[in-house]
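Visitor: So you can see what is in the structure, the chains are spelled out below.
Number of protein chains: 2
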Amino acid sequence: MAPTAGRESWLDGTESSGTTPLETPTATPLATPISARSVRWEKDVEDAAAGALQRPLLYKRGTNTTSQMAIVGANTCPIESLDYEIVENDVYNQDWRSRGKLQIFQYQVLKWVLALLVGVVVGLVGFFSNIAVENIAGFKLLLTGDLMLQNRYLAAFELYIGCNAVLAAAAAALCAYVAPAAAGSGIPEVKAYLNGIDAHSILAPSTLLVKILGSVLGVSAGFVLGKEGPMVHTGSCVASLLAQGGSRKYGLTWNWIRYFKNDLDRRDLITCGAAAGVAAAFRAPVGGVLFALEEVTSWWRSALLWRTFSTTAVATMVLHALITYCRGGHCGLFGKGGLIMFDLSSRQATYTATDLAAVVLLAVLGGLLGALFNFLVDRVLRAYSIVNEKGACYKIVLTVTISVITSCCTFGLPWLTACTPCPPELASKCPTIGRSGNFKNFQCPPGQYNALASLFFNTNDDAIRNLFSAGYDREFGVSTLLTFFTTVYTLGLLTYGVAVPSGLFIPVILSGASFGRLAGTLLGSVSGLDPGLFALLGAAAFLGGTMRMTVSVCVILLELTNDLLLLPLIMLVLLIAKTVADCFNKGVYEQIVRMKGLPYLEVHAEPCTRSLVAGDVVSGPLVTFSSVERVGTVVHTLRSTGHNGFPVIEDPPFAPAPELCGLVLRSHLLVLLQGRIFTSDRVKTGAAEVFRRLAPFDFAKAGSGKGIKVDDLDLTEEEMDMYMDLHPITNRSPYTVVENMSLAKAAVLFRGLGLRHMCVLPRTQGRPPVVGILTRHDFMPQYIRGLYPNVLPR
Amino acid sequence: MAPTAGRESWLDGTESSGTTPLETPTATPLATPISARSVRWEKDVEDAAAGALQRPLLYKRGTNTTSQMAIVGANTCPIESLDYEIVENDVYNQDWRSRGKLQIFQYQVLKWVLALLVGVVVGLVGFFSNIAVENIAGFKLLLTGDLMLQNRYLAAFELYIGCNAVLAAAAAALCAYVAPAAAGSGIPEVKAYLNGIDAHSILAPSTLLVKILGSVLGVSAGFVLGKEGPMVHTGSCVASLLAQGGSRKYGLTWNWIRYFKNDLDRRDLITCGAAAGVAAAFRAPVGGVLFALEEVTSWWRSALLWRTFSTTAVATMVLHALITYCRGGHCGLFGKGGLIMFDLSSRQATYTATDLAAVVLLAVLGGLLGALFNFLVDRVLRAYSIVNEKGACYKIVLTVTISVITSCCTFGLPWLTACTPCPPELASKCPTIGRSGNFKNFQCPPGQYNALASLFFNTNDDAIRNLFSAGYDREFGVSTLLTFFTTVYTLGLLTYGVAVPSGLFIPVILSGASFGRLAGTLLGSVSGLDPGLFALLGAAAFLGGTMRMTVSVCVILLELTNDLLLLPLIMLVLLIAKTVADCFNKGVYEQIVRMKGLPYLEVHAEPCTRSLVAGDVVSGPLVTFSSVERVGTVVHTLRSTGHNGFPVIEDPPFAPAPELCGLVLRSHLLVLLQGRIFTSDRVKTGAAEVFRRLAPFDFAKAGSGKGIKVDDLDLTEEEMDMYMDLHPITNRSPYTVVENMSLAKAAVLFRGLGLRHMCVLPRTQGRPPVVGILTRHDFMPQYIRGLYPNVLPR
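Protein chains in written order, with full-length UniProt numbering: chain A, 1 to 794; chain B, 1 to 794.
Some hints could be false.
As the list claims (entries may be wrong) - Chain A is faced by these chain B residues, among others (derived, beta-carbon under 10 Å):
{"hint": "1", "residue": "Y92"}
{"hint": "2", "residue": "R97"}
{"hint": "3", "residue": "S98"}
{"hint": "4", "residue": "L102"}
{"hint": "5", "residue": "E295"}
{"hint": "6", "residue": "A313"}
{"hint": "7", "residue": "F375"}
{"hint": "8", "residue": "L376"}
{"hint": "9", "residue": "R548"}
{"hint": "10", "residue": "V551"}
{"hint": "11", "residue": "A614"}
{"hint": "12", "residue": "A655"}
{"hint": "13", "residue": "G766"}
Said to hold, decoys possible - Subject to a maximum C-alpha distance of 30 Å in a straight line, what follows is the list of computed DSBU-like cross-link-like pairs (lysine-lysine):
{"hint": "14", "chain 1": "B", "residue 1": "K586", "chain 2": "A", "residue 2": "K101"}
{"hint": "15", "chain 1": "A", "residue 1": "K261", "chain 2": "A", "residue 2": "K709"}
{"hint": "16", "chain 1": "A", "residue 1": "K586", "chain 2": "B", "residue 2": "K586"}
Simulated from the structure, these hints should not be mistaken for lab results. Built from N, CA and C at the ideal position, the CB exists for glycine as well.
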C-alpha cells in the first residue's frame with residue numbers, strides 16, 4: 001500500500017500523459033482553423049459557458065477528500081484510458097489488406113502460444129510461492145516448536161515475534177521503496193484495468209517481482225492474509241509482460257508481432273492471466289475461468305472462454321505435476337497437498353428441514369458479518385491511508401506494528417485456554433508434534449492438546465484444513481472457536497491495509513470457517529450436520545457476503561473439496577448471503593475500486609442520466625485539426641493540451657464545406673511528426689508517402705511509458721511552418737452520437753464497445769461538423785453531479 | 001421436423017409481420033414530405049440505383065435453394081427481429097419518471113420470482129419426462145424380455161418393433177400436425193432467438209406441449225436420440241410463457257408488470273430457461289449456466305450469471321428432491337438415479353506418458369469423426385427436407401421407416417454375436433434379468449450373456465452407463481464395440497432429421513463412449529487406463545468434435561461423473577478434439593442455424609466488410625414521416641410496406657430546417673391510430689394528450705402474434721384527413737452511424753448493442769437529415785455478397 005496525497009489523481013491524468021486535466025480542455029483555443037464550443041441541447045449558451053467554467057470547482061466540491069483517496073501511489077501515477085476501438089485509418093487498412101494467410105495463421109498460433117505460456121509461467125510462480133511459504137513458515141514454526149518442547153517459552157516467543165517482524169519489515173520495505181503498486185490484493189486494480197483504466201506501473205515488471213516476493217514474505221510472516229489475491233495480480237502482470245508483443249530493443253520486430261501491440265489483444269491475454277492466477281492459487285481451473293468472468297472482466301467474448309480455460313488448465317496441470325514430484329520429498333518441508341487442497345469427501349448428502357433452517361440462519365448471519373467486514377475494511381483503509389501517506393518509513397512501521405500484534409495474538413491467546421486431554425480413540429494422532437496436524441501440543445503436558453494453538457500456531461492453510469476436518473466433533477470447543485473467530489476477523493480487517501501484498505480470500509475463509517464451525521457446534525443439538533460441513537458453509541457465506549461472487553466461489557469451493565454433493569447447500573448459502581449483504585453495501589473489490597477513485601464504468605448507467613443528453617456534458621472549447629494541418633499548430637496543441645484524440649475536419653479546398661473527416665490519436669501524430677512527413681504546401685500526400693518512410697509497426701501501440709514524447713521532438717522553425725497530411729492516420733470511422741442522444745444511451749454505447757473517444761455531432765445543420773468529444777470521465781457520476789447537482793442527487 | 005418450401009423465409013418477413021421483403025423497401029415512394037434515397041459513398045447515384053434494383057435478384061442467386069432451406073415450417077412462419085434498444089420516447093420518459101420505489105422493488109422481486117419459477121417448472125418437466133420415459137420404455141423392454149425368456153423370439157420381435165413404430169408414429173403425428181416447430185433439437189432455434197431472431201411459434205405453448213410429449217414418445221420409441229436438447233427448448237418455452245408479463249384477457253394488468261413486456265427482460269428469462277433445461281437434463285447446475293453462456297446466448301451480463309445460476313440450482317434441487325422421493329419405489333419402474341447420473345468415482349489419478357499419447361490419439365480421432373458427423377448430418381438433413389416438404393404424411397412415414405430400421409438393428413444385431421460365458425467372479429450379477437444391468441441374458445442360455453444386447457437392448461442412458469462402467473475390462477469385446485459404434489453413429493445421423501423432438505447429446509455421447517471404449521480395449525496393451533475411462537474420454541472427444549463446446553461439456557461431464565480428478569484429461573481431450581474439428585467445419589448447431597437460413601449475427605463481422613461503408617448497403621427509397629403527419633399517409637404506409645421502424649423528420653414549421661427527430665415503431669403508430677389521437681390541424685398535441693387517453697401499458701410489446709394489425713383499424717375518410725403528432729412516440733435517441741462508417745464497425749455496434757434499426761446520417765451538409773436505415777439483413781454476408789460479388793468472395 002502506498003497511500004499518497006493524490007486525491008484528484010484521475011482528474012490529473014485521465015486521458016493524457018500530459019498535464020491538462022480534461023480531455024475537452026479548459027485551455028485557451030488554439031490556432032486551429034475549425035474549433036467549436038459545444039452547445040448544450042435546449043439550454044442557452046450562457047448557461048453552458050457558466051457550467052464549463054464552474055465545472056472544476058464543482059467537481060472538486062462534489063468529490064470530497066476521503067471519497068477520492070488514491071491509495072496506490074496515485075500522485076505519481078497518471079491514469080490512462082485504454083482504447084478497444086479499431087483505428088480504421090489508411091495505415092491500418094493498407095496493413096490489413098497486405099496481411100498474408102501466413103501472417104494471420106502466425107497471429108492465431110501466437111495468440112494461443114502466449115495464452116498457454118501464461119498458464120505455464122503462472123503455474124510455476126504458483127508452485128514457487130507455495131513451496132517458499134511452506135519452507136519459510138514451516139522452518140519458523142519448527143524452530144519455535146523445538147524451543148516450546150524444551151519449555152523455553154520466552155525464547156520461543158521472542159524467536160516467533162522476531163521472525164515475523166523481520167519478514168514483515170522486508171515485505172513492507174520492498175513494497176514501500178520498490179513498487180508501491182504491489183501492496184494490497186491487486187484484484188481491484190486488475191478489475192479496473194480490464195474495465196479500461198491503465199494505472200501506471202500496476203502491471204510493471206517491478207510490481208510483478210515485488211508482488212511475488214512480498215506475498216511469500218507476508219504469508220510467511222504469519223499475517224492473516226492470503227496469497228490468492230496477489231496470485232491474480234501476478235498472473236495479470238505475467239500476461240501483460242508477455243503481451244508487450246515484440247521489442248525493437250531486442251530485435252523482436254517480426255511483422256506479424258505488431259498485430260499484438262494493441263489494447264484489445266493485451267486485454268484478452270490479461271484476462272487469461274487473471275484466471276490462471278486463481279486457478280493456480282486454488283488449483284481450480286473451472287473456478288478460475290468463472291472468477292475472471294464474474295468478478296474481474298468487464299467485457300467477455302465466447303472465444304475468450306475457450307482460451308482462458310486452456311490457460312487455467314495448463315496452469316493447474318503444471319502445478320499438479322510439480323506437486324506430484326514434490327510428494328517424493330524433493331521440496332524440503334513441502335510434502336503435502338495435491339490437486340485438491342482440502343479432501344473432504346464422504347459427507348452425507350441428505351439433510352432434514354431443521355438442517356436447512358440452520359444453514360439458512362448461518363447464511364443470513366454470514367451475509368450480515370460480510371457486509372460489516374466490507375464497511376470496516378473501508379474505514380480501516382481510510383485510517384491507514386493517513387499514516388501511509390506520510391512516507392515509506394511510516395508504512396514499514398505500521399506493517400511491523402500489525403505484525404507484532406498478530407504475533408502476540410497467535411502466540412499469546414492459546415495460553416488462555418486450558419489444555420484438553422486427548423480422546424483415547426485418537427491416541428495415535430493426538431497430540432501431534434511437528435509441522436501440521438489437528439492436535440497441537442503447544443505448552444500442554446503429554447497426552448493433552450491445546451485446541452486454540454491447533455488453529456493459531458499454524459499456517460493459514462492448515463488452520464482452514466483443521467476447521468474443515470470432519471469426524472471428531474468435539475475437537476474445538478465453543479470458547480476456542482469464538483476466540484479464534486473474533487481474533488481472525490479483527491486481524492483480517494487490520495492487516496488488509498498494510499504495505500504488503502495481501503489477499504482477502506484467506507482471512508474471509510478463516511473467519512467464515514471458524515464462524516460456521518462455531519454455529520455448527522452451537523446448533524449441534526438441532527442439526528445433524530457435521531461441524532466440518534458447517535465450517536465449509538460458513539466460509540461460503542462469508543465469501544458471498546464480502547466478495548458477492550456466487551458461481552465462481554461455488555465452483556472454487558467444489559474444486560477445493562471435490563464433492564459435488566455439497567453443491568445445493570453451498571449455492572443456497574451463497575445466494576442468501578449475497579442477497580442479505582447487497583442490502584447494505586457493495587462488494588469489497590468494487591468498494592476499493594471506488595475508494596481509489598479509479599474511473600470505473602459501471603454496466604448500468606445511473607438512471608438519472610436519462611434526463612441529460614450527450615451535449616449536456618461535453619465542454620468547450622473543442623480542439624480540432626484540419627485534415628492538412630500546419631506542423632507548428634499540431635506541435636503546439638500537443639504541448640499545451642493533454643488530449644489524446646482530436647477530431648479532424650475536412651475543409652476547403654479538400655471539401656466544399658467543412659465536414660468530419662475522422663479522429664486522430666496523439667500517438668499517431670507523434671509518429672508522423674518524428675518521421676517528418678511534411679510538405680511545404682497545403683496538399684494531400686496520401687498513405688503511399690507515409691508507407692515509403694514508415695512501417696505499419698511504427699504505429700503500433702508502445703508498452704506503457706514507452707511511446708514517443710512530444711518533448712522528444714526536435715523540429716526546426718522551418719519545419720514548424722510546413723504542413724502535414726493527417727488523412728493517412730485519421731480514423732475514418734469513429735463512433736459518433738448526435739448531441740441530443742440521451743446520456744444514458746450514449747453511456748451504453750461507450751461502455752458496450754469499450755471506447756476511449758466518442759464524437760458528438762450537431763443535430764442541426766449549418767454548425768461545425770463536430771461539437772464535442774465524450775470520454776470516460778464525462779460519464780462519471782461525480783462529474784455529472786458536479787455539473788448538475790439537482791439532476792443527479794447523491 | 002417440418003421441412004417446407006419456405007426457402008426465402010427470412011427474406012419474406014425479416015422485419016415485418018407484413019409482406020414486403022426488405023426493411024428499406026423497394027415499394028414506390030409515398031406521399032411523405034421528406035424522403036431520401038441513400039447515396040452510396042464514393043459511388044455515383046446511378047450505380048446505387050442499379051444495385052438497389054438488382055438486389056433481390058442477386059440475393060436469390062447468391063443463396064441457392066439448398067443453402068437457404070428452412071426446415072422448421074418456415075413458409076408459414078414470418079421471422080421477426082427482436083429489439084433490445086430502449087425506446088426513449090416521451091411515453092417511456094414520463095412512465096419512467098413516474099415509477100415509484102415500490103414499483104421498482106416489485107419489478108426486481110418479480111424478476112427473481114419468475115427466474116426461480118422457471119427453475120421449478122423446468123425441474124418438474126425434467127422429472128416428468130424422465131419418469132415417463134423410464135416407465136414407457138421399461139414396460140416395453142420388460143414385456144419383450146418376458147417373451148424372450150419364454151423363447152418366443154418372433155413374438156418378442158413383433159412386439160418390440162410394433163411398440164416402437166406406434167410410439168414413433170404418435171410422436172411424428174404430433175410434430176407434423178400440431179407443432180412443426182417442435183421437431184429437432186431446438187437448440188439452434190433458441191440460439192437464434194437469443195441472437196435476436198424470433199421465428200414465429202418457436203416458443204409457443206403448442207410447441208412446448210408437443211416438445212415434451214414428443215420427446216417422451218421419441219425416446220421411449222428406442223430411437224438413437226436424447227431428451228437433452230429438447231429440454232433446452234422446453235426450458236426456453238416455459239420461460240417465454242412466464243415472461244409474457246401480464247395479460248389483459250385475464251385481468252393481469254398491474255402497472256408494474258408492463259415493465260416486463262419488452263424483448264430485453266424476455267431474453268434474460270429465456271436465457272435462464274435454456275440453462276435450466278440443461279441443468280435438469282444432466283442434473284448439472286454449473287454445467288447449465290456454462291452451456292447457456294458458451295453455446296446459446298449472444299449477449300451476457302454479469303448480473304445474469306447469478307440469476308441463471310439460481311434458476312439452474314432450483315431446477316436441479318427440485319429434480320433431486322423428486323428423485324429422492326422416487327427412490328422409495330413410488331414411481332413405477334423409475335427407481336434408479338440420483339443427482340449424479342453416472343457415479344464413476346475411484347478412478348486412478350495418475351497416468352504415464354504412454355497413457356497421454358493414447359488419449360491424444362483418441363482426441364484427434366474423436367475430432368475427425370465429430371467433424372465428419374457434422375458434415376454428414378448436414379447432408380442427411382438436406383436429403384430429408386426434400387421428403388418432409390411433401391407433407392405431414394410423408395413426415396410420419398419417414399419417421400416410422402427410421403423406427404423400423406432402428407428396431408431391426410437393436411433387436412437383430414445381437415443375434416449375430418456369440419454368447420459369452422459369465423465370468424465366475426461375477427456370478428451374482430451375471431446374467432442380469434429384468435430392466436437394467438450390464439449382462440443382458442437375451443437369447444443366451446443361463447450362465448451366459450449377450451454383450452451386444454447389453455448395449456442395444458436397453459435405454460440409451462443405461463447403455464451409456466454400461467459403456468462407462470469400470471472394473472471388469474473384458475466385458476465388451478472388440479467386435480461388439482465396433483458393431484455398436486458403427487450402428488449408433490449411423491443411426492444417430494439418420495435419426496436427427498425425422499419429425500420428432502430429438503437431441504444430439506445422447507447419440508454423440510453413445511458413439512463417443514463406444515468409440516472410446518473400443519480404443520481403450522485396443523490400446524489396452526500400451527495404456528494402463530481403464531476402458532471405462534476411455535469411454536468417458538471418447539464421449540468428451542466426440543462432444544468436442546461435434547458441438548465445439550469446451551468448458552460447458554467439461555463441467556457437465558464432471559457433474560455427471562462426480563470426479564474432479566478427471567478434469568485435466570477431459571480438458572486435454574476437449575481442446576484437441578475441438579481444434580482438430582474446427583479445421584474442417586463449424587459446430588453442429590451453428591451449421592443448422594445457417595442451414596435454416598436464420599439471419600444469425602456473428603460476433604465477428606466478415607473481415608471484407610471493412611472495405612465497405614454503411615452507405616454502401618442501405619437501399620432506397622427511404623420512407624420517413626414528418627413529426628406531425630397526416631393520418632392517411634401513415635395508414636397507407638403501414639399497409640403498403642412491411643417496415644417496422646420509420647425515421648421521423650422534424651420539418652417546418654416545427655424546426656427551421658429539416659432535422660432528424662428520431663425513430664418511430666410500427667407498433668406504437670398502431671396504438672396511436674387505434675386510440676384516434678388526431679387533430680384537424682397540423683399542430684403538436686404533446687405527450688399529455690396521449691396520456692389522457694392511453695396508459696403506458698398500451699405501448700408495451702405484445703406477445704408474439706398478439707399486437708394490433710393495420711387491417712384491424714377502421715378509420716373514416718374524415719379521420720384519414722386529420723393529423724397525428726408523432727413526437728410523443730418518437731424514440732428521440734436512436735443509435736446512428738455516419739454513412740462513411742465502415743460496415744464492419746457499424747456491424748460491431750449493431751451486434752454489440754442488440755439493435756433492430758440503426759439510422760444512417762449523411763456526412764455532408766445540405767442533404768436530408770437521414771439517408772437510410774440499417775437492419776439485421778443488411779449485415780448478412782449473403783446479402784452483401786449479392787450486392788458486391790467481388791468484394792466479398794465466397
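Visitor: For each hint, tell me whether it holds in the structure or not.
Guide: Okay, the hints, checked on the actual structure:
Evaluation of the Y92 (chain B) hint against chain A yields a held restraint, the C-beta minimum of about 9 Å falling below 10 Å. Because the smallest distance between the Cβ of R97 (chain B) and any Cβ of chain A comes to about 8 Å, under 10 Å, the interface hint for this residue holds. The closest approach between the C-beta of S98 (chain B) and any C-beta of chain A is roughly 13 Å, which is over the 10 Å cut-off, so the hint fails. Interface hint status for L102 (chain B): violated, as the beta-carbon distance to the closest one in chain A is roughly 16 Å, over 10 Å.
Given hint, E295 (chain B) at the interface with chain A, holds; its Cβ is 8 Å from that chain's nearest Cβ, closer than 10 Å. This hint holds: A313 (chain B) has a C-beta 4 Å from the nearest C-beta of chain A, less than the 10 Å allowed. Because the smallest distance between the Cβ of F375 (chain B) and any Cβ of chain A comes to about 22 Å, over 10 Å, the interface hint for this residue is violated. Contact between L376 (chain B) and chain A, as hinted, is not supported at the beta carbon level, the nearest pair being about 25 Å apart and thus beyond 10 Å.
The interface hint given for R548 (chain B) holds, since its Cβ lies 9 Å from the closest Cβ of chain A, which is under the 10 Å cut-off. Using the Cβ-Cβ criterion of 10 Å, the hint placing V551 (chain B) at the interface with chain A is satisfied: the shortest such distance is roughly 5 Å. The beta carbon of A614 (chain B) comes within 9 Å of a beta carbon in chain A, closer than 10 Å, and the hint placing it at the interface holds. A distance limit of 10 Å between C-beta atoms decides the matter here; for A655 (chain B) the minimum to chain A is near 8 Å, and the interface restraint holds.
A cut of 10 Å between beta carbons decides the hint on G766 (chain B): the least distance to chain A is about 7 Å, and the hint holds. Proposed proximity of K586 (chain B) and K101 (chain A) is supported: the alpha carbons are some 20 Å apart, at most 30 Å. Proposed proximity of K261 (chain A) and K709 (chain A) is supported: the alpha carbons are some 18 Å apart, at most 30 Å. Between K586 (chain A) and K586 (chain B), the direct Cα distance comes to roughly 42 Å. Violation of the 30 Å bound is thereby established for this hinted pair.
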